Amino acid sequence: MSVTLAIARNETRRIFATPLAWTVLAIVQGILGIVFLLLLLEYAQSPDRQEHYTGLADYIGNGLYGFATLLLLMVMPLLTMRVFAEERRSGSLSLLLASPASLVDIVLGKFLGLASFVLVTVALIAAMPLMLLVGSDLDLGRIAAGLLGLLLLTLAFAAAGLFVSTLTREPVLAAVGSFGLLLSFWLMQVLGTRPGITGDVLGYLALTSHFENLRRGIFSSADVAYYLLFTTLFLWLAVLRLDSERG
Amino acid sequence: MTDPVVLLEAQGLSLQYGARHAAHDVNLQLRQGEVLGLLGPNGAGKSTTLKMLAGLLAPTTGSVMIKGIGLADAPTTAKRHLGYLPELPPIYPELTIIEYLQFCAQLHGIPGAARKRAIDDAMTACELHDCATRLIGNLSKGFQQRCGIAQAIIHRPAVVILDEPTVGLDPIQIMAIRKLIRSLASQHSVILSSHILPEIQAVCNRVVIMHRGRIVHSEHLDTASRPAFATLRVGFTGHAPPEKLAVIDGVTEVDVLDTHQFRLHIAAGQDPRPAVVHAAVLGGWGLIELHAELRTLEDTFVALTAGDSTALPTSAESTRH
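If you read the sequences in order, they're chains A and B. Here this note's numbering is used: the first residue of the first sequence is 220, the next is one more, and so on. Here this note's numbering is used: the first residue of the second sequence is 36, the next is one more, and so on.
Just so you know, these hints were derived from the structure itself, not from any lab. No false leads were slipped in.
Restraint ranges, calculated between C-beta atoms of paired labels, are given here:
#	chain 1	residue 1	chain 2	residue 2	range
1	B	Thr111	A	Thr237	27 to 33 Å
2	B	Gly53	A	Leu367	47 to 53 Å
3	A	Met220	B	Ala149	18 to 24 Å
4	B	Gly53	A	Met293	35 to 41 Å
5	A	Gly415	B	Gly53	42 to 48 Å
6	B	Ala54	A	Leu447	41 to 47 Å
7	A	Met293	B	Val337	56 to 62 Å
8	B	Leu170	A	Pro414	55 to 61 Å
Among the chain B residues that face chain A by a calculated CB cut under 10 Å, a handful are:
#	residue
9	Lys86
10	Lys114
11	Leu117
12	Pro128
13	Gln141
14	Leu170
15	Gln186
One side of the interface only, derived from the structure: several residues of chain B facing chain A at Cβ under 7 Å:
#	residue
16	Leu91
17	Ala93
18	Thr111
19	Arg115
20	Tyr119
21	Pro121
22	Leu123
23	Pro125
24	Tyr127
25	Glu129
26	Phe138
27	Leu142
Values in this document were obtained by computation on a predicted structure and should not be read as measured data. A virtual CB, placed ideally from N, CA and C, is assigned to each residue, including glycine.
Using the sequences plus the hints, can you model the full thing?
Spelled out as structure tokens, the structure:
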């Protein structure tokens, strides 16, 4: 366990030692800031909406979180590509593979490193709606449920990206691959609207459909379990993949 | 003399990619205090073999034991006694040397109290103190290589595996690394690969030559450097009749190279050089050249690896040009 934490700490340090992490944080925050501002202005200028929606938290949460998921879907592959693909190409992966750390230690450590970045990203996003506490009566439960959903969704993105990263030694290929994988899980939601059993199954599997409840402030353990299972599945696949590579 | 403990033992290692054998029936033994050189041309399977020894690749058949612990059965325990430097030093350019070595120490489970000492020792051994707080990415190749070696020895493993440790370094750095490897041998046993002969001769006390995934030759270098010769090359300005050369004591056969030069084959254990000089003086042949054609590691290496190894049955035969 201490080895897992050592790898996680090292990953976190390395993520924040590169300009990539800071650039990503700045751009995500900048774009979401603009979106947040536009939503706020629109809300203030249309009184009829205020009646239609139940409240400010719902309105802002819906728009901001919705846009954030899309943005993070595009950004996470850039962070996950370096985790294994780039390390394999630069040769530094051998350090971990030749050490007494087990594959589970390695994968979990790397994932926790990514998770620390995700936490920082979500915390920064959280600052925006929380800012409204100053002048309004915010429904904190809703905001928290939405943020939890965003966190779980982004961790699922990270796990899927981490798995794709184990498949190749080309970082760009890993980024494109995980982008494709995440988008196809996204698209399942569209196919999920089709009638019949296929539609139902695909709709259930879709990454974002489980976010809807949380975004509306409904904490359902089934949705949380879905994200945890999704994340565990891809981390486990990554371990299997690294194991098969050895022999 | 009692035999030192066997620290690493590989038995029948083979690795197959489809129809191609990257390594075939490789057997190796590494004893305490030994520096074993793995020599071979590019693509001979050296790196593949070392990767199997380090547990990065699982062999198709065969097994690796480190200090009696099976690498396949208990990988985490076995790897505690192993330090590995791959072809590319496994470094993180965005970290400083001290941060990097701290992580390596944690990775090898060195407890907090001993960690500082271990890092300090490794940095002293690899002469890294002067740039401890510099980013590894900004250092020269030689220093990056030394960082790679430092991480391989930080946990004082019984077996250190170094894959081409001096590649890409300048001559002064190469000398420094060789000195380091020799100093490592006092406490660790080392196995290193190279395709450069002088390097192996400089640091190893045993050499194994690999070619096309097989071990084709193995010898102790103290015997390899001892002048053992089977032929003499002689040259004269005047006319020397070959039949007279053939009757000199210890000469078994005479090859006529041209009118003035001959190769004399020598019976085992004989040294007819004084007799040749004596005969040349008596006959007035005008001796201008006389040297023993030594069988060196280089001859063995070239003979075994140039062309098809199966066409050359034994090394002793092939050195007779």
